[in-house]
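Engineer: Residue strings, one per chain:
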Amino acid sequence: MAWYHRLRNVLTGDRIQRDIDRELSFHVAERADELEAGGMSGDEALRSARRQFGNFTRQMERTRDMDVAGWLDAVVRNFRQAARTLKKTPAFTITVVLTLALGIGANSAVFSAIYAVLLRALPFPDGDQLMQLHQSSRGSPETLVAPVRLEEWNRMNSTFQAITGYYSQDDSELSGELPEKLKRAFVAPRFLHVWWISPAVGRDFSPEEEHFGGPNAILISDRFWRRRFGADPSILGKRLRLGASAFAIVGVMPASFLFAGRDVDLWSPSPMDAPYAQSRAATWFTTIGRLKPGVTVAQGRANLATVQANLARQYPKTDAGLTVDIRPLKEATVGGVRRSLWIVFGSVSLLLLIACTNIAALLLSRAAQRQHEISVRLSLGASRASVAAQLLTEAFVLALAGALLGLIVAAGASAAFHALAANLPRIEEIGLDWRIVLYSLACAVAATLLCGLFPAIRGTRRNLSGFMAQASRTQVSARNPIHLLLVGVQVALAVTLLAGAGFLLRSFQALGRVEPGFDPSHVLTFQISSTWAEAGGQGSKQRTDRLLDSLRSIAGVEGAATSMAPPGVPTQYQTELNVTEGRAETDPKIIAESRYVSPGYFATMRIPLLAGEPCREELNSRSAVVNRSFANAYLAGSAAIGRHLQQPSRPNVPAGEIRGIVGDARESGIDHLPGPVVYWCSGASQPGTFFLARTRGEPMTLAETVRRKIREIEPRRSVFDVSALEDHISNAFAENRLRTFLLALFAITAVTLACVGLYGTLTYLVNVRRREVGLRLALGALRGQIVTHFLLQGLGVSFLGCCAGVGLAAVFAPLLSGMLYGVSPSDTTTLASVVVIVLAVAAIASLFPSVRAARLEPMQVLRDE
Amino acid sequence: MGAKKNDILQGTLALLVLKTLASHGQMHGYAITEHIQHVSARLLRVEEGSLYPALHRMEQAGWVRAEWGTTGKNREARFYSLTAKGRKQLLQEQESWARLTEGVERVIRYA
Numbered sequence: 001m002a003w004y005h006r007l008r009n010v011l012t013g014d015r016i017q018r019d020i021d022r023e024l025s026f027h028v029a030e031r032a033d034e035l036e037a038g039g040m041s042g043d044e045a046l047r048s049a050r051r052q053f054g055n056f057t058r059q060m061e062r063t064r065d066m067d068v069a070g071w072l073d074a075v076v077r078n079f080r081q082a083a084r085t086l087k088k089t090p091a092f093t094i095t096v097v098l099t100l101a102l103g104i105g106a107n108s109a110v111f112s113a114i115y116a117v118l119l120r121a122l123p124f125p126d127g128d129q130l131m132q133l134h135q136s137s138r139g140s141p142e143t144l145v146a147p148v149r150l151e152e153w154n155r156m157n158s159t160f161q162a163i164t165g166y167y168s169q170d171d172s173e174l175s176g177e178l179p180e181k182l183k184r185a186f187v188a189p190r191f192l193h194v195w196w197i198s199p200a201v202g203r204d205f206s207p208e209e210e211h212f213g214g215p216n217a218i219l220i221s222d223r224f225w226r227r228r229f230g231a232d233p234s235i236l237g238k239r240l241r242l243g244a245s246a247f248a249i250v251g252v253m254p255a256s257f258l259f260a261g262r263d264v265d266l267w268s269p270s271p272m273d274a275p276y277a278q279s280r281a282a283t284w285f286t287t288i289g290r291l292k293p294g295v296t297v298a299q300g301r302a303n304l305a306t307v308q309a310n311l312a313r314q315y316p317k318t319d320a321g322l323t324v325d326i327r328p329l330k331e332a333t334v335g336g337v338r339r340s341l342w343i344v345f346g347s348v349s350l351l352l353l354i355a356c357t358n359i360a361a362l363l364l365s366r367a368a369q370r371q372h373e374i375s376v377r378l379s380l381g382a383s384r385a386s387v388a389a390q391l392l393t394e395a396f397v398l399a400l401a402g403a404l405l406g407l408i409v410a411a412g413a414s415a416a417f418h419a420l421a422a423n424l425p426r427i428e429e430i431g432l433d434w435r436i437v438l439y440s441l442a443c444a445v446a447a448t449l450l451c452g453l454f455p456a457i458r459g460t461r462r463n464l465s466g467f468m469a470q471a472s473r474t475q476v477s478a479r480n481p482i483h484l485l486l487v488g489v490q491v492a493l494a495v496t497l498l499a500g501a502g503f504l505l506r507s508f509q510a511l512g513r514v515e516p517g518f519d520p521s522h523v524l525t526f527q528i529s530s531t532w533a534e535a536g537g538q539g540s541k542q543r544t545d546r547l548l549d550s551l552r553s554i555a556g557v558e559g560a561a562t563s564m565a566p567p568g569v570p571t572q573y574q575t576e577l578n579v580t581e582g583r584a585e586t587d588p589k590i591i592a593e594s595r596y597v598s599p600g601y602f603a604t605m606r607i608p609l610l611a612g613e614p615c616r617e618e619l620n621s622r623s624a625v626v627n628r629s630f631a632n633a634y635l636a637g638s639a640a641i642g643r644h645l646q647q648p649s650r651p652n653v654p655a656g657e658i659r660g661i662v663g664d665a666r667e668s669g670i671d672h673l674p675g676p677v678v679y680w681c682s683g684a685s686q687p688g689t690f691f692l693a694r695t696r697g698e699p700m701t702l703a704e705t706v707r708r709k710i711r712e713i714e715p716r717r718s719v720f721d722v723s724a725l726e727d728h729i730s731n732a733f734a735e736n737r738l739r740t741f742l743l744a745l746f747a748i749t750a751v752t753l754a755c756v757g758l759y760g761t762l763t764y765l766v767n768v769r770r771r772e773v774g775l776r777l778a779l780g781a782l783r784g785q786i787v788t789h790f791l792l793q794g795l796g797v798s799f800l801g802c803c804a805g806v807g808l809a810a811v812f813a814p815l816l817s818g819m820l821y822g823v824s825p826s827d828t829t830t831l832a833s834v835v836v837i838v839l840a841v842a843a844i845a846s847l848f849p850s851v852r853a854a855r856l857e858p859m860q861v862l863r864d865e
Numbered sequence: 001m002g003a004k005k006n007d008i009l010q011g012t013l014a015l016l017v018l019k020t021l022a023s024h025g026q027m028h029g030y031a032i033t034e035h036i037q038h039v040s041a042r043l044l045r046v047e048e049g050s051l052y053p054a055l056h057r058m059e060q061a062g063w064v065r066a067e068w069g070t071t072g073k074n075r076e077a078r079f080y081s082l083t084a085k086g087r088k089q090l091l092q093e094q095e096s097w098a099r100l101t102e103g104v105e106r107v108i109r110y111a
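From first to last, the protein sequence lines are chains Z and L. Counted from 1, the first sequence has number 207 at position 207 by our numbering; the numbering is strictly sequential. Counted from 1, the second sequence has number 13 at position 13 by our numbering; the numbering is strictly sequential.
Chain Z extracted, bound-state conformation:
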């Protein structure tokens, strides 16, 4: 309690002081009264009373010391004085606080993303037990899991609490006035059980609902519940119409549950006992499992491998070549952005480091200007520690103000994250909370030490006798290598950042110059809702044909086609193929990207036909077109046209005849060199099919017309995801763009800071050396020599900084590999341009103080002394 009182007394210092004064004065007055009563004159009595009391001020101080905690008192005094001192130089204070606010704010913002996306466990109970399960066969890519196999894994393993899976499609909900496109996830049994999540309202599916032919039940998302039903609490039992069937709503999922994708509105059971779910070759489910407590990932993986090996013995035909792997769900969710985020965090930390170095130089100059004050304080008996503490407190006040302002920046920046990187996984979990506040404060402490410790130690180092002996104005400065070192560090770090940004920018440019092999401009893309149940078969084909015909009939549309994925957007669907004739067993396996396109595809996308004929759809046979890479890689030296291709993984599907060869196009991402591709000519659409329409004018101007046209012939389906193909492609590189944009922004800020630092330091050095410069000018030095001298000093240190920066860039560049396109992370052109840019800016920054030095009037300077 006493501690608390003393703390409070520190904070209410003035009142304490008054009270003690009152109490002690009372004593003196009483004594004086008594003495006066004893016969003294009033004045004499007072004097005598004072004498008897002792040293009044000293007793007051001693009394006060009893009331307050000494060290705390010193801290508060330091803070008060720091605030007073900083108030006297508002320009300096504001500059430093804003610099730190940006530095710490940006850092905290990126950290909030790192924390939410990478560090925190998934927002499920014991999220670390959740695993994603993958199957792949004989070196070909992963495929989705068949329902039968999923059930067998679940039954036969001993390391998982449960295994489940999901897939999704876009549905049209028809109970409203217009069809509404909703994303619906089909979930295997045990779905909620694996997540350990219960519906916020209502219940999980009942076993009957999970059986084929059981009652139709559906869970809805919180978002959909609010949007469509105004969060009506009596929602349970209401019905939704999806296709031909009505579904009873049995529950509402919590708002935080975003699995199978953040845009899922509905979850319904996928019956595992349905007759159409019995094929072991089906590829349906993205599979998730929850490990038993205490089971490691490796144990789970080994156990599943054993299970699958047993299945391979039981079903050699379908399961022999299959291998299973598991990886933590968190890794599967955020693994793709880990490196990007850390790189952004690294750059923003470098930026903060530059800012701190910059401020350290400022504080150092400031301490030098205050040398006189500091010497006086030291000579009056202040300990060096207390003076250093005072200087550190100033730095801390600056850093703290910076951190608090920085929190505002960070709050704004998380909004920017939401706007710029909407595809970032777990982005809805990013936000400011106490941890970020704590992190900002930690940044403030780190910044205090980085900026303040060095000036505090150095500023109080000079022994005062030496300093007091020589009046400051006659002092000719010693060289100040330390100031220049700080500038050099800033330049080096700025060059590192700029080099990183340069690589990313050049890679971005290179991507823009790529010839994709198809023409992405003037293409409108959209999807039309459909279900897996109606996929494939003649009905689907006829429907697609009808849609394409009506699209072509729109004025301004030059061609229309469908494709399973928009060209140019990174996708991969690699399959293994056999050529039924003319290849030896010993020839390398054929692995190619498979794409399903409608006959008009090549004309619509302007992919040139090199040989043969374009796609044609026939009733009883399958046809295919291959690209040049495929023909060259697998069928070189023989006529490709007329051969038949078979997918060993789908033995029931008839072989397709190669009808033509088309040019290579960068369809699986414009940053990928085109590999072998097989285009299966199949216009039948299924969920996820993209419609492509080549337009004469701006594609988006036709969006409404297209919608209306489709409404005419398909009133029960919704059109969605309408956008220009070029936007699709550029969105696919949004993360790349964001990364590049952020790094460029940081790099520009870094270079600016470094140059401001250089400018400030040179100005300071010129000021310190005024007298020397004046003398030299008086002794006949040419003004040009003075300019050259300072300019060379500035350029010299910048050049050394550049060299160090290039070295650092070489160390860090490997981090960027894999993110670069068309430029190597040791590209000399980029590095050279970075150095040239930095030196040019450094020259400008050095020029002003140098010229000012040369303009000194010698007589003026010497008179001032």
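Watch out, some of these pointers could steer you wrong.
Distance condition first, Cα-Cα at most 25 Å in a straight line; then the derived SDA-like pairs of lysine to any residue [claimed, not checked]: (1) Lys181(Z) with Phe526(Z); (2) Lys88(L) with Val39(L); (3) Lys19(L) with Met66(Z); (4) Lys73(L) with Leu35(Z); (5) Lys88(L) with Met66(Z); (6) Lys73(L) with Gln52(Z); (7) Lys317(Z) with Glu576(Z); (8) Lys85(L) with Gly69(L); (9) Lys73(L) with Glu36(Z); (10) Lys85(L) with Arg62(Z); (11) Lys19(L) with Arg62(Z); (12) Lys73(L) with Ala37(Z); (13) Lys73(L) with Asp19(Z); (14) Lys73(L) with Leu46(Z); (15) Lys73(L) with Gly42(Z); (16) Lys73(L) with Ala45(Z); (17) Lys73(L) with Ser48(Z); (18) Lys183(Z) with Ile197(Z); (19) Lys19(L) with Gln52(Z); (20) Lys85(L) with Met66(Z); (21) Lys181(Z) with Ile713(Z); (22) Lys73(L) with Asp21(Z); (23) Lys73(L) with Arg22(Z); (24) Lys73(L) with Ala29(Z); (25) Lys541(Z) with Phe526(Z); (26) Lys73(L) with Ser41(Z); (27) Lys73(L) with Arg51(Z); (28) Lys181(Z) with His728(Z); (29) Lys181(Z) with Pro687(Z); (30) Lys73(L) with Glu44(Z).
Computed footprint of chain Z on chain L, listed as stretches where at least three residues anywhere in the stretch have a Cβ under 8 Å from a Cβ of chain Z [to be verified]: (31) 23-30; (32) 76-82.
So, partial list: chain Z residues that the calculated Cβ filter (under 8 Å) puts toward chain L [to be verified]: (33) Glu23; (34) Leu24; (35) Phe26; (36) Glu30; (37) Arg31; (38) Gln52; (39) Phe53; (40) Asn55.
Hints are computed from structural coordinates only; laboratory data are not their basis. All residues carry an ideal CB built from backbone N, CA and C; glycine is no exception.
Chain L: place on chain Z using the hints.
Structural biologist: Only chain L this time, still in chain Z's reference frame:
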């Protein structure tokens, strides 16, 4: 500042103050000074100013409680009174004082 004759021994001031307050209830600093000098027949002299740091220290330690009040002459003064903790402290200090004097006595007598 050399120690003057009859200056109160370091550390005994607290004992004297506690004892005074124990027998007389609420008192202000001036009254405590007067009382100690009076009772000790002016053998002990408190350097008046040094009483206050001691009083405030005792207050922070929780031995005494202080509150502002008015004297008979209608002056504002700070009145001190003993707390339960102070009472316990007084017993301890009395005891250690007794031990100290006994020890000193013995040395004087037998050394």
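Engineer: Against the earlier hints, flag every one the structure doesn't satisfy and list their numbers going up.
Structural biologist: none
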